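With the sequences and hints as input, model every part of the structure.
Protein chains in written order, with UniProt numbering: chain A, 1 to 241; chain B, 1 to 241.
There's no promise every hint is true.
Identical chains share a label here; the pair holds if one copy fits it or two copies do between them.
[Said to hold, decoys possible] Simulated crosslink set (SDA-like; lysine to any residue; CA at most 20 Å straight-line): (1) K210 <-> R142; (2) K172 <-> M184; (3) K172 <-> T75; (4) K210 <-> V145; (5) K210 <-> S40; (6) K172 <-> T88; (7) K172 <-> A76; (8) K172 <-> T99; (9) K172 <-> G98; (10) K172 <-> E20; (11) K172 <-> R206; (12) K210 <-> S189; (13) K213 <-> D230; (14) K210 <-> G238.
Worth flagging that the hints you see were computed from the coordinates, not collected in a lab.
Computed from a predicted model, the values in this text were never measured in an experiment.
2 protein chains.
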Amino acid sequence: MSTASSSRAQVACSHCNLRELCLPVGLSAEDMARLDDAISERRPVLRGAAAFSAGDRFTALFAVRAGFFKTSITTAEGREQITGFQTTGELLGMDGIGTGAHSATASALEDSQICVIPFAELEDASRQSAELQRRVHRVMSREIVREQGVMLMLGGMRAEQRLAAFLLSLAKRLQARGFAPADMLLRMSREEIGNYLGMTIETVSRTFAKLRKDGVVAVDHREIRILRPDELQTLASGASC
Amino acid sequence: MSTASSSRAQVACSHCNLRELCLPVGLSAEDMARLDDAISERRPVLRGAAAFSAGDRFTALFAVRAGFFKTSITTAEGREQITGFQTTGELLGMDGIGTGAHSATASALEDSQICVIPFAELEDASRQSAELQRRVHRVMSREIVREQGVMLMLGGMRAEQRLAAFLLSLAKRLQARGFAPADMLLRMSREEIGNYLGMTIETVSRTFAKLRKDGVVAVDHREIRILRPDELQTLASGASC
DNA sequence: CGGGACATTGAGCGAAGTCAAAATTAGTGG
DNA sequence: CCACTAATTTTGACTTCGCTCAATGTCCCG
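Structure below.
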């Protein structure tokens with residue numbers, strides 16, 4: 001089937017310009033071929049749509065090929081808690097492996113594109129290759145560590161600290177993707193920032209205002225420019241002392 | 001070496017009374033043998049001692065064979081954030097896989113015993129067995145989901161909600177281990193509870209007092225009896241409405 | 001029996017939440 | 001392109017939950 005094979009070729013990790021950022025980082029040619037075999041599809045996700053929703057049966061992981069996502073869980077009472085934001089090269093859906101159904105929802109904050117990685121095939125491939133297996137384990141472990149960082153933030157930081165840490169974390173990830181780390185366009189609303197950081201939208205707004213007044217960042221709606229990165233770092237570390 | 005082989009026999013998962021609770025749940029005899037080969041050692045950890053510390057090179061996962069642990073991370077400024085409590089049958093150390101070094105510290109809250117699972121051998125074994133491989137993935141995914149639950153708690157719950165949710169979570173885990181879910185002996189101090197839940201020791205104490213006054217739980221130091229589980233559940237869900 | 005760790009309780013304060021209104025922006029259709 | 005509506009954000013005033021500081025109480029263990 002030439003259609004299928006051309007579809008495969010279209011999405012091959014081995015030719016993807018994200019291969020230095022995504023799952024295949026540093027994989028051998030042979031292992032890369034295995035991964036190419038596992039990955040079946042590239043899929044657009046329009047702004048507001050979900051790559052997967054809580055309760056969906058888990059069948060695949062998703063790599064963000066382009067765009068920006070939020071992942072969130074919802075309580076029985078309907079409260080949403082955003083658990084993370086994901087961008088280019090990052091993996092979504094690991095919450096579903098344990099139970100076979102997703103516990104979280106991943107929604108696109110802008111028109112995005114994802115690569116579908118059927119998990120059964122990824123498991124098969126990673127039984128063939130110790131390197132690929134290790135890579136899968138690493139990605140999952142890093143997610144565990146990332147979430148621990150969020151717990152650290154939610155557990156003990158003040159509003160200003162949280163926002164500072166959040167901006168720095170975003171900047172760092174942008175930088176890793178080759179963007180200027182000082183300039184960024186926030187993809188999420190104030191409400192989403194507040195939800196993620198465990199504070200109200202009003203407090204987010206006021207805290208941005210304070211950072212602006214102090215000359216640490218320039219804020220123009222969703223455009224943020226970090227003017228004094230070291231100062232922001234100090235704030236994030238807990239500069240009350 | 002008969003010593004070594006008897007040491008192996010001592011710790012064999014296939015004969016462990018925790019096999020229904022721990023990693024080997026439902027493994028075939030063959031896969032169980034693979035796991036037995038991977039697991040090398042049982043090790044005591046005295047109260048206050050660490051199974052591993054932040055910065056330690058990662059070489060193995062640990063299964064709690066008996067006892068109670070806390071895992072915590074520490075900021076550059078020295079603030080500790082407890083990220084979880086682990087008891088019988090639960091796995092420790094997955095934070096280290098991603099970077100090859102532990103980011104967290106796991107300390108025993110009482111004299112405990114852990115099984116050492118060298119990770120390289122576990123990876124080897126799980127390349128042999130799809131079932132074992134799946135089990136490893138599940139355990140890691142469940143840890144991701146567990147942490148998301150903590151984020152939910154820290155992100156939006158009030159003090160009373162947090163404590164109620166915490167007690168219910170403990171009770172549920174005790175129940176899964178065959179204990180009466182209403183009666184429990186807390187292994188951690190008020191300070192550790194407060195740290196985990198993102199509140200001060202005073203607030204923990206006051207919140208316990210309130211729950212006691214309302215007749216929801218009986219509190220005698222570290223002995224807790226849940227008197228009205230459904231009421232506690234309501235509190236945990238956000239009974240402000 | 002005394003010292004130290006841990007826990008409880010009280011009083012006052014402050015950071016952030018709530019409620020409310022205004023301002024700004026984005027989106028839509030004529 | 002512009003007018004109009006809806007959504008988002010900002011700002012202000014007030015309240016409150018939980019933190020801080022401080023004192024007291026209790027248990028454990030030498």
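Results for each hint:
For the homomeric pair K210 and R142, neither the shortest alpha-carbon distance inside one copy (33 Å) nor that between copies (39 Å) is at most 20 Å. Within a single copy, K172 and M184 get their C-alpha atoms as close as 11 Å, which meets the 20 Å cut-off; across copies the closest is 44 Å, which misses it. In the homo-oligomer, the alpha carbons of K172 and T75 lie at most 20 Å apart only across protomers (18 Å), although the nearest pairing inside one protomer, at 31 Å, exceeds that limit. In the homo-oligomer, the alpha carbons of K210 and V145 never lie at most 20 Å apart, since the shortest distance is 30 Å inside one protomer and 35 Å across protomers.
For the identical chains of this complex, K210 and S40 are neighbours neither inside a copy (48 Å) nor across copies (56 Å), given an alpha-carbon limit of 20 Å. In this homomeric assembly, K172 and T88 come within 20 Å of each other (Cα to Cα) only inside a single copy, at 13 Å, whereas the closest approach across copies is 38 Å. Taking the shortest alpha-carbon separations for K172 and A76, only the inter-copy value of 18 Å comes in at or below 20 Å, while the best intra-copy value is 35 Å. Proximity of K172 to T99 under the C-alpha cut-off of 20 Å is restricted to the inter-copy arrangement: shortest distance 18 Å between copies versus 32 Å within a copy.
Taking CA atoms no more than 20 Å apart as the test, K172 paired with G98 passes between copies only; the shortest distance there is 18 Å, against 30 Å inside one copy. In this assembly of identical chains, the alpha carbons of K172 and E20 lie at most 20 Å apart only when taken from the same copy (16 Å versus 43 Å across copies). Proximity of K172 to R206 under the C-alpha cut-off of 20 Å is found in neither arrangement, the shortest distances being 24 Å within a copy and 40 Å between copies. For a Cα distance limit of 20 Å, the shortest separation of K210 from S189 inside one copy, 18 Å, qualifies, whereas the shortest one across copies, 37 Å, does not.
In this homomeric assembly, K213 and D230 come within 20 Å of each other (Cα to Cα) only inside a single copy, at 16 Å, whereas the closest approach across copies is 49 Å. Taking the shortest alpha-carbon separations for K210 and G238, only the intra-copy value of 16 Å comes in at or below 20 Å, while the best inter-copy value is 32 Å.
In summary, the structure is inconsistent with hints 1, 4, 5 and 11 from the numbered list given earlier, while agreeing with the others.
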